[in-house]
Structures are given as structure tokens and as C-alpha cells.
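Under my numbering, read the sequence shown as residues 18 to 206, first letter to last.
It is possible that part of the hints are untrue.
What the hints assert, rightly or not - Here are the in silico distance ranges between beta carbons for each label pair: (1) Ala32 to Trp154: 24 to 30 Å; (2) Asp108 to Thr189: 26 to 32 Å; (3) Arg87 to Arg39: 23 to 29 Å; (4) Lys122 to Leu179: 21 to 27 Å; (5) Pro152 to Val89: 30 to 36 Å; (6) Ser151 to Lys126: 28 to 34 Å; (7) Leu179 to Lys126: 18 to 24 Å; (8) Gln157 to Ala88: 39 to 45 Å; (9) Thr189 to Arg158: 16 to 22 Å; (10) Glu92 to Ala32: 17 to 23 Å.
Hint data in this document are derived by calculation from the structure and do not stem from the laboratory.
Heads up, the beta-carbon is just placed ideally off N, CA and C, and yes, glycines get one too.
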Amino acid sequence: MNEWITVLRAADAAARWHVHQRRKGAAEEPYINHLLEVATLVAEATQGKDPNPVIAALLHDAIEDQEVPRAVIAEFFGEDVAKLVEEVTDDKSLPKNVRKEEQIKNAPKKTPRAKCIKLADKASNLKAIAYSPSPKWSVQRRLEYVRWSRQVAAGLRGANALLEKEFDEAATAAERSIYPEGARSFEKR
Numbered sequence: 018m019n020e021w022i023t024v025l026r027a028a029d030a031a032a033r034w035h036v037h038q039r040r041k042g043a044a045e046e047p048y049i050n051h052l053l054e055v056a057t058l059v060a061e062a063t064q065g066k067d068p069n070p071v072i073a074a075l076l077h078d079a080i081e082d083q084e085v086p087r088a089v090i091a092e093f094f095g096e097d098v099a100k101l102v103e104e105v106t107d108d109k110s111l112p113k114n115v116r117k118e119e120q121i122k123n124a125p126k127k128t129p130r131a132k133c134i135k136l137a138d139k140a141s142n143l144k145a146i147a148y149s150p151s152p153k154w155s156v157q158r159r160l161e162y163v164r165w166s167r168q169v170a171a172g173l174r175g176a177n178a179l180l181e182k183e184f185d186e187a188a189t190a191a192e193r194s195i196y197p198e199g200a201r202s203f204e205k206r
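Let's have the full structure, built from the sequences with the hints guiding it.
Structure, rendered in C-alpha cells:
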């Protein structure tokens, strides 16, 4: 029971750390919605058996987006959570195109729990593209994001069948939101 109190404390920390951050979509949802969705996907996929990946899912963008020091995460949520968050964090000192290539290259090397968080994160992002895309993103940019996400997800497979299914459904929904009614998927183009 105590570990689920820690989950709620992580949700509170995530809400505070990301309080001014919004999703890029037209709805401009509070960013905490994304973090809660990723954490919920991880909790469902792992049947709630291990709270640490759920906590790390809530905090997965804290270092990258809000520059929360890793040491703070370790102090309040433990070294295991800090390692997971660190494992799913991009190095923002690298150019964006290099970071994207690094995600593809490093996906197969991640631990199974980190793969679950990354799959849930990608599924959440694809759902946002399907239901509330950024008005600043062209069709081409949305297509490129779906293709790139599929490349990353290819290296994450084998960690959790439920999250793979969730990802596949989200990628399909994102594609369907882009193409005219009745068009076939263009994922291989």
C-alpha cells in the first residue's frame, strides 16, 4: 500500500514540475494529462505489480523538459526510479535529428521496464496526433513522426504485448487521422 502513496506523490511532483507545460495539440491540454496517460498504460500493462515503472512513467520527462536534477528524483523516489527515468531521457545537448537517431539505435538496448515506458510514451504521443494534432504540424511532419515512432517501437518489441498492441492501434489511428476516409495505410512509404 505504501508504494501507491509514492505513486501519488510522483503524480503530484509531475503536476508541479510541469505546471506551465502544455501539449502541442490544438486542445493545448495540460502536460500532466500525457504523463498520467503514460503511467496508466504502464500500470495496466504490468497489472500494477511493480510501482517503480509507473512512478518513472509519471516522471519520464522531468529531466528532459524541466531540468529536474536526477539526484532529486533519486532522493524522493529512489535510485531504481531515477535509473529508469534516466534511461528514457534524451540528451538535449544533441541536435534533434541526432537524438531521434539515437532513440532508434538505443531502443533494443533498453531494459524491459524502460521499453514499456517508451512504448507507452510513443502510444500517447500518437494518440495526440490522431485526436488533437498541433496546428503547427504539417501533414508531412505528422507522417514523419508516425514513421519514426514505428522505427523506435520496432526496437522496443518483446517487452510487453499489451503495450505493443496499444502502440500499433495508436499508430494506425494517427495514420487514419491523416489520410482521407477509405485510404489504405501508407506506413511503408
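- Structure versus earlier hints - violations, ascending order: none
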